[in-house]
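Asks: Use the sequences and the hints to build the structure in full.
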Amino acid sequence: MLTAASAVTGLILPTGMALAQAAPASSPAQAGNAGHYRFRVGDISATVLSDGLIGGPPRVYASDAPEAELQEVLRRAFLPADRLTLNLNTLLVETNGRRILLEAGAGQTMGPQGGRIFENLAAIGLSPEDIDVVVVSHTHPDHVGNLRTADGGKAFPRATVFAPRADWDFFVRNDPDLSYMPVPEEFRRNFAAAIKRSVEPVTTGIELYEAGAEIVPGLTTLPAIGHTPGMANFLVQSGNDQLLLTADLAYHPIVNVDRPWLPGPDRDKDTALASRRRIFDMAAADRLLVLGFHYPFPGLGRMLKTDAGYAWVPVNWQF
Numbered sequence: 000m001l002t003a004a005s006a007v008t009g010l011i012l013p014t015g016m017a018l019a020q021a022a023p024a025s026s027p028a029q030a031g032n033a034g035h036y037r038f039r040v041g042d043i044s045a046t047v048l049s050d051g052l053i054g055g056p057p058r059v060y061a062s063d064a065p066e067a068e069l070q071e072v073l074r075r076a077f078l079p080a081d082r083l084t085l086n087l088n089t090l091l092v093e094t095n096g097r098r099i100l101l102e103a104g105a106g107q108t109m110g111p112q113g114g115r116i117f118e119n120l121a122a123i124g125l126s127p128e129d130i131d132v133v134v135v136s137h138t139h140p141d142h143v144g145n146l147r148t149a150d151g152g153k154a155f156p157r158a159t160v161f162a163p164r165a166d167w168d169f170f171v172r173n174d175p176d177l178s179y180m181p182v183p184e185e186f187r188r189n190f191a192a193a194i195k196r197s198v199e200p201v202t203t204g205i206e207l208y209e210a211g212a213e214i215v216p217g218l219t220t221l222p223a224i225g226h227t228p229g230m231a232n233f234l235v236q237s238g239n240d241q242l243l244l245t246a247d248l249a250y251h252p253i254v255n256v257d258r259p260w261l262p263g264p265d266r267d268k269d270t271a272l273a274s275r276r277r278i279f280d281m282a283a284a285d286r287l288l289v290l291g292f293h294y295p296f297p298g299l300g301r302m303l304k305t306d307a308g309y310a311w312v313p314v315n316w317q318f
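Mapping the sequence shown onto numbering that gives the first Met the number 0, position 154 (from 1) lands on 153, and the numbers just tick up by one.
Simulated from the structure, these hints should not be mistaken for lab results.
With a cut-off of at most 16 angstroms between alpha-carbon atoms, the simulated EDC-like pairs for lysine to aspartate or glutamate come out as follows:
#1 304 <-> 285
#2 304 <-> 280
#3 153 <-> 128
Derived Cβ-Cβ restraints for the label pairs, each shown as a range:
#4 63 <-> 209: 28 to 36 angstroms
#5 315 <-> 188: 40 to 48 angstroms
#6 150 <-> 68: 43 to 51 angstroms
#7 76 <-> 280: 23 to 31 angstroms
#8 273 <-> 76: 20 to 28 angstroms
#9 67 <-> 157: 47 to 55 angstroms
#10 318 <-> 168: 40 to 48 angstroms
#11 316 <-> 276: 28 to 36 angstroms
#12 80 <-> 316: 24 to 32 angstroms
Note that the coordinates shown come from a computational prediction; the quantities given were computed from them, not determined experimentally.
All C-beta atoms, glycine included, are put in the ideal place defined by N, C-alpha and C.
Replies: Right under this line is the structure:
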């Protein structure tokens, strides 16, 4: 299932979920719908740039769901019973003369449908050389895969890359114990290797941050640990306008927002649940605009507090 562009062999799960070993610097232009969406946060220009799709068995993302109830929820949402498709919604913010990319995206580290960010940058008249800063919320392959070109170079050659220190220590400086992940052992080994390989070109010069730090004026990181040791969320603010990026607090609103089921890839599920509730409560109370990294494109909406928990309300499309 891996494309010729990656020229490697990866692990394919029964539903087609893949973990490749390299990400291309670009992927061929393909006919289809637009993979970019522009809007504003106060004076800040923002653009959601799709890096494509990944996915896997629904059970991976709803680890504690009763099987019959999970199947009924998927059926009522007109989703397939055997595969949950996840989007890869990166965000470009342009402020104070700088272009800042929030999340690098997967490339093809997790399957052949990733790596679209480069063609979507080109569609808005930009190239990887135009990116000044890349900030990742955590170092899973679908968030760092595009940092490396197919030949091992820096995909964003001018950019300063920021990553959470605790994730760097756990995944990059050590051999991480991924036994908590509900996937085959071979997949775990390839997953860990993909992280190290993806960040190799940026190891020299990497800027490590503690969640809570302000990266640039108008961009603050928020602690959101549990999914990984150092995962952060992002708050973009200009004047009275705010945008909250929730990274992997939830994978899909159908199973992790509208239902309270726990994502299997969360390393510490209790801590991740506490982070999810704290940040979702804030988003609902402050009526924040939210961007979900894996939500259906463009991933923008709001959290509504309900008696049972939360509900996801997508925003109206802006033309």
